[in-house]
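So the sequence lines, in the order shown, correspond to chains A and B.
Residue numbering for the first sequence follows this note's numbering, beginning at 37 and increasing consecutively.
Residue numbering for the second sequence follows this note's numbering, beginning at 2 and increasing consecutively.
Rather than coming from a laboratory, the hints here were simulated on the basis of the structure.
Please note that the accuracy of each hint is not assured.
Unchecked claim - Just the calculated beta-carbon pair ranges, DEER-fashion:
| no. | chain 1 | residue 1 | chain 2 | residue 2 | range |
| --- | --- | --- | --- | --- | --- |
| 1 | A | S150 | B | P29 | 48 to 56 Å |
| 2 | A | N224 | B | K142 | 20 to 28 Å |
| 3 | A | S225 | B | K49 | 44 to 52 Å |
| 4 | B | D209 | A | L162 | 48 to 56 Å |
A virtual CB, placed ideally from N, CA and C, is assigned to each residue, including glycine.
Spelled out from the first residue to the last, the chains are:
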Amino acid sequence: MTTHGRLGGPARRIDHLPRRKAVNRMMEVLAWLAAAVAVGLLGLVVYSVVRRGWGALNLDLLTKTPVQFALTPVKQGLANAFVGTIVIVGIATLVALPVGILVALYLNEFAPPSVRNVVTLVLDVLNGVPAIVIGIFVYGLVILGGFDFFGLMPKHNQSGFAGAFALACLMLPLVARATMEVLSLVPNSLREASLGLGIPRWRTTLSIVLPQTVGGVVTATVLAVARVAGETAPLLFTSSLVGPQVSWNAHHALQSIPVAIFELSESADPADHARAWAAATVLMLFILLASVTARWLALRSRARLTSR
Amino acid sequence: MKEEDSEDMSTTITQPVKVETRRQPLPPREKLDRIFQIENLEAIYGTKPAVKGVTMDVFKNLVTAIIGPSGCGKSTFIRCLNRMNDLVPSFSQTGTIRYHGQDISSPDIDPVAVRRNIGMVFQRPNPFPKSIYDNVAWGMKVLGMKDNVDDRVERALTQAALWDEVKDRLKASALSLSGGQQQRLCIARAIAVEPDVVLMDEPASALDPIATQAIEQLMHSLKSEYSFVIVTHNMQQAARVADMTAFFSISRGEEGQRWGELIEYDATEKIFTAPTDKRTEDYVTGRFG
Chain A
37 MTTHGRLGGP ARRIDHLPRR KAVNRMMEVL AWLAAAVAVG LLGLVVYSVV RRGWGALNLD
97 LLTKTPVQFA LTPVKQGLAN AFVGTIVIVG IATLVALPVG ILVALYLNEF APPSVRNVVT
157 LVLDVLNGVP AIVIGIFVYG LVILGGFDFF GLMPKHNQSG FAGAFALACL MLPLVARATM
217 EVLSLVPNSL REASLGLGIP RWRTTLSIVL PQTVGGVVTA TVLAVARVAG ETAPLLFTSS
277 LVGPQVSWNA HHALQSIPVA IFELSESADP ADHARAWAAA TVLMLFILLA SVTARWLALR
337 SRARLTSR
Chain B
2 MKEEDSEDMS TTITQPVKVE TRRQPLPPRE KLDRIFQIEN LEAIYGTKPA VKGVTMDVFK
62 NLVTAIIGPS GCGKSTFIRC LNRMNDLVPS FSQTGTIRYH GQDISSPDID PVAVRRNIGM
122 VFQRPNPFPK SIYDNVAWGM KVLGMKDNVD DRVERALTQA ALWDEVKDRL KASALSLSGG
182 QQQRLCIARA IAVEPDVVLM DEPASALDPI ATQAIEQLMH SLKSEYSFVI VTHNMQQAAR
242 VADMTAFFSI SRGEEGQRWG ELIEYDATEK IFTAPTDKRT EDYVTGRFG
């Protein structure tokens, strides 16, 4: 407790009171400014991208394919890139989601503490591996090394599958760590309630613990999707040598939004630049929307879990 | 149930406990079936023993109360009886716990099978976040009791003295019930799977006197079908419901270690009126500590 001499307590002088107050005020202002800079930065990014991309943002962008070497202005878009991103990210999610959940279930519900600590650290390290390193790894494994995942991917060739595998490597630690987080929020008394009835451990985990975490897992998945949908580096090595046609077939290399933005930005045609900005706008709006949705889902599930 | 029982819920007792109960006189011990034969049980968390040297028999179709001060290992002890402590990573135990003659503490016994026979009701009500009906029915269905589920649910809820309060809203969430109702639901859930023994770890500690009374009454009326072991802080509760009472206390070693120990185990009447050990007498008359 601070004792203030003038407030009738024991007479005690506090040195430099006005200066202390001023320092306190200054630190508050500094902290506030730092927060404002963070918010302002996001605002600036959104503003500058949307300002440049708005002009080229139309339905053609989503529905038409690119035309190479167009001599006269024709209607064109990046439909191949949008479809490609949907396919690649979709496959990556289908792989990373179940594996990530199983990893989290094992670590949180079954693993002894020593194993749990080590594997958690490994996940955190994996989470910190730069995306381009993951890209090179998959390039070395699939395209140089010719490992085709037992016939799933074409050997020595780029493919949507190879890109999806690279993105799945990035998603896995995100999904696993976030799922562990929600699993640890499930009260132990609930596990005991089920085990106390003589219900086996796996059944308790599956029927009692896991349903409690659905909200959190969905949140984690949405965030992970938002994160990897914008990854360029892993796809440059694994799924970037593509034609302009729309394809849903992941056995071939598929175009994707981030790679398309990168390639268009190197074009000589200003119209290509405009399309790159527009694609960037779409990508960014998608990520913003996904993050807000995830946030909302997380709040809801957390409220449900902690209301017990 | 007597009215005066519910009045004094305080934990500090200044008056000697009056023993008033509807208990039947106990038949001689040799005539009772033994469900548990516990020998020299020691339960350890990490390197610290929580209870040491517990040797006692638990009898069939009786209510056995475990009383004692906080930290004397009552909960640890009762959780040994259905291998609930297996969930604590640093836990280990020595000694034997024979359940109908079979040592259930040995590592090759499946704890799931143990818990299937020896159910448990916990200190805080912990219903599943499911409907009232599913709370009772889910366990039965998973354990393969799939015929006459509706009848079994009704029977369990009736035995737990909850049926009349919930029969019109079985599909409502169990979390919408009051604390006392939730605890009775947990009891219904435990007895619905027809265990042999029901362990209760301070089942009334979070409940008001009326809910407590309901739970005591149901133990009394169900003990012809089940055997109960109940941990309680509340001596009047032990005096009211238990046929046999075990008094645990804290012992101190020379280097300041503390562990729980079984001091005295006898008919409740005897424990509360003519205890042989001075420590038991001090505790039941409120002169403890």
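Here is how each hint holds up against the structure:
Checked against the hint of 48 to 56 Å, the pair S150/A and P29/B passes, with Cβ atoms roughly 52 Å apart. Against the hinted window of 20 to 28 Å, the Cβ-Cβ separation of N224/A and K142/B comes to about 24 Å, which satisfies the hint. Hint check: S225/A to K49/B, Cβ distance near 24 Å, so the stated range 44 to 52 Å is violated. In this structure the hint that D209/B and L162/A lie 48 to 56 Å apart at CB holds, the actual value being about 52 Å.
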